[in-house]
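As given, the protein sequences belong to chains B and Y, one line each in that order.
With this note's numbering, letter number 202 in the first sequence gets 403, and the count goes up by one each step, no holes.
With this note's numbering, letter number 104 in the second sequence gets 305, and the count goes up by one each step, no holes.
Treat the hints with care, as some may be off.
Note that identical chains are pooled: a pair holds if it fits in a single copy or bridges any two copies.
[What the hints assert, rightly or not] Straight-line Cα separation of at most 35 Å, DSBU-like style, residue types lysine-lysine; simulated pairs:
{"#": "1", "residue 1": "Lys513", "residue 2": "Lys434"}
{"#": "2", "residue 1": "Lys328", "residue 2": "Lys434"}
{"#": "3", "residue 1": "Lys298", "residue 2": "Lys443"}
{"#": "4", "residue 1": "Lys502", "residue 2": "Lys461"}
{"#": "5", "residue 1": "Lys461", "residue 2": "Lys443"}
{"#": "6", "residue 1": "Lys421", "residue 2": "Lys298"}
{"#": "7", "residue 1": "Lys513", "residue 2": "Lys328"}
The hints are simulated quantities; they were obtained by calculation from the structure and are not laboratory data.
2 protein chains.
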Amino acid sequence: MYTPNQLQEVIENAVRNINYPAHPERLYEPIRYIMSLGGKRIRPVLTLMAADLFNGDIQTAMPAALAIETFHNFTLIHDDIMDNAPLRRGKQTVHEKWGVNNAILSGDVMMVEANKQLSMLNSTVLKDALNTFNTTAQGVCEGQQLDMEFEEQQVVSITDYINMIRLKTAVLLGGAMKLGAQVAGASVTDAEQMYEFGENLGIAFQLQDDILDVYGDPEKFGKQVGGDIIANKKTLLLLKLKELANESDLMELEQQSINKDHTDKIRNTTALYDDYNIRELANVEMRNYSDNAFSALTSLKVDEERKTELFKLAALLMNREY
Amino acid sequence: MYTPNQLQEVIENAVRNINYPAHPERLYEPIRYIMSLGGKRIRPVLTLMAADLFNGDIQTAMPAALAIETFHNFTLIHDDIMDNAPLRRGKQTVHEKWGVNNAILSGDVMMVEANKQLSMLNSTVLKDALNTFNTTAQGVCEGQQLDMEFEEQQVVSITDYINMIRLKTAVLLGGAMKLGAQVAGASVTDAEQMYEFGENLGIAFQLQDDILDVYGDPEKFGKQVGGDIIANKKTLLLLKLKELANESDLMELEQQSINKDHTDKIRNTTALYDDYNIRELANVEMRNYSDNAFSALTSLKVDEERKTELFKLAALLMNREY
Chain B
202 MYTPNQLQEV
212 IENAVRNINY
222 PAHPERLYEP
232 IRYIMSLGGK
242 RIRPVLTLMA
252 ADLFNGDIQT
262 AMPAALAIET
272 FHNFTLIHDD
282 IMDNAPLRRG
292 KQTVHEKWGV
302 NNAILSGDVM
312 MVEANKQLSM
322 LNSTVLKDAL
332 NTFNTTAQGV
342 CEGQQLDMEF
352 EEQQVVSITD
362 YINMIRLKTA
372 VLLGGAMKLG
382 AQVAGASVTD
392 AEQMYEFGEN
402 LGIAFQLQDD
412 ILDVYGDPEK
422 FGKQVGGDII
432 ANKKTLLLLK
442 LKELANESDL
452 MELEQQSINK
462 DHTDKIRNTT
472 ALYDDYNIRE
482 LANVEMRNYS
492 DNAFSALTSL
502 KVDEERKTEL
512 FKLAALLMNR
522 EY
Chain Y
202 MYTPNQLQEV
212 IENAVRNINY
222 PAHPERLYEP
232 IRYIMSLGGK
242 RIRPVLTLMA
252 ADLFNGDIQT
262 AMPAALAIET
272 FHNFTLIHDD
282 IMDNAPLRRG
292 KQTVHEKWGV
302 NNAILSGDVM
312 MVEANKQLSM
322 LNSTVLKDAL
332 NTFNTTAQGV
342 CEGQQLDMEF
352 EEQQVVSITD
362 YINMIRLKTA
372 VLLGGAMKLG
382 AQVAGASVTD
392 AEQMYEFGEN
402 LGIAFQLQDD
412 ILDVYGDPEK
422 FGKQVGGDII
432 ANKKTLLLLK
442 LKELANESDL
452 MELEQQSINK
462 DHTDKIRNTT
472 ALYDDYNIRE
482 LANVEMRNYS
492 DNAFSALTSL
502 KVDEERKTEL
512 FKLAALLMNR
522 EY
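With these hints in hand, go ahead and build the complete structure from the sequences.
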């Protein structure tokens, strides 16, 4: 069995060796750029881990892993345009560097590149892989749409919110794992189980992110603690609080949403969260999904020993304080 | 053999029967909208005609035809954003109606829809079809990139210009035909021949468009005669003139490019074209490609009788005055 770190290196190498056409330079340069910004390559690592779990050859599964990573990076380019984001992984976003039109088009051709990768898979698994990939890609687009719409909406239910993060983030983790399983010849049931593992892990991870934004260790959390509070972002915590708070606390929350003193805003909003025990309620919700993830992996009929690396990775992802 | 009109109706019906998801509504509504704006459905008609030519069942080929049509309409949404176009087929463009972010994302999911259509093809032809489709899609993106770049460039060679229209317009016609042939089980050589037919026809058609912009019958030409001249668009005619004109005529051309009186601008620029016999030179260039197209179809080893409808369609496309 490979460790995640080993696979990350294999993928890093494979990404470096992708040959994009030389011309038109301005079309392909942004692709090389965003693909080289790195990151943990978590999605393609999951694809290869899933393939490895079912005794699949990781090089045979590589086109699926690269398709997933390429697609993911394509969504980053287009999402950054929509979110008007100046920075991605500390570097200029593609549309800042090359302009919006160029960023739209480089993204488009990147989706084609992802499909080209995928089409290199063996014919025997191609149709199933395409179905998984397309369903996944469609879900991600739907998630981004819902995310944009929720920003404009006054009221968003927790069910709708979790469905949004499921689509925007978690289906890609689920799809990545399912793809890896399918390519390695796993049964339909096993591939579906891997999907469940990935999707539930993805939701749990995202909910944990919401919690850590408020309660994370500032020394370890990668982003600014309270960033979501400052931005009035609709997170699990905010939506739970809105459900539970009495009228006067809702008015206080409303007041805080326009508080220009960020330190004060974070302190007062966090106090409201504390009053309603939101941290624990959110933890319960999160654990619900991480439990689902672990039990999907537990019930999988595969040598227990082969599951070790995936359990370790999942535990690592779910026990972070950063 | 089916006639183009019959196939257009079959496609129109199939397009109407595509079931896009109901939610998120704002993501899928633009797709229904642009797909319903109609047009001649020339690309999917070519796919089905190619399949029919090789005795393929047109319903079996339908997923390929719909993939091509869906992809084409996706490019219209994104191109209209990049070109800042207010109207498409006389109606509001998607980004005007739903905003740029929505238009980007609906386009993205439309590319996924195209791939979903394609993946419904029989497994036996799927890999070849994917290769043709992805190569085609990539070419179209490259063509759009070059088109945008040429707008900023002072000097564009005729070779580069024809390569741009080849990529932006003609490869999709070639790809549409090749797909139809592949799906019907045509040999590699025959499928390639169909590609040549479609691509050359596409280039010839686009060059004819350049000519008709200046010399078309105003009563029959669908667009405003002289529209390219008013917009200083780099067409075959303008590039040829720039190659041939002497210094004083080049200065006159430069003058005309900033002439605010459009009628005067069209008259004077056309006079320059006439001085250098540009119409005939452009016709020679165009006929070069239409000859290539016809000879690709002629040399195809298929019952002559079966070629009739394609020959008729090509002749119709190439002898229009509109």
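Checked hints:
In the homo-oligomer, the alpha carbons of Lys513 and Lys434 lie at most 35 Å apart inside one protomer (31 Å), although the nearest pairing across protomers, at 61 Å, exceeds that limit. Taking the closest pair of Cα atoms, Lys328 and Lys434 never come within 35 Å of each other, the shortest separation being 39 Å inside a single copy and 44 Å across copies. Taking the closest pair of Cα atoms, Lys298 and Lys443 come within 35 Å of each other only across two copies (33 Å); inside a single copy the shortest separation is 39 Å, beyond that limit. In the homo-oligomer, the alpha carbons of Lys502 and Lys461 never lie at most 35 Å apart, since the shortest distance is 55 Å inside one protomer and 76 Å across protomers.
Taking the closest pair of Cα atoms, Lys461 and Lys443 come within 35 Å of each other only inside a single copy of the chain (21 Å); across copies the shortest separation is 60 Å, beyond that limit. In this assembly of identical chains, the alpha carbons of Lys421 and Lys298 lie at most 35 Å apart only when taken from the same copy (30 Å versus 45 Å across copies). For the identical chains of this complex, Lys513 and Lys328 are intra-copy neighbours only, at 32 Å inside a copy versus 37 Å across copies, given an alpha-carbon limit of 35 Å.
Hint compliance for this structure: hints 2 and 4 are not met, and every other hint is.
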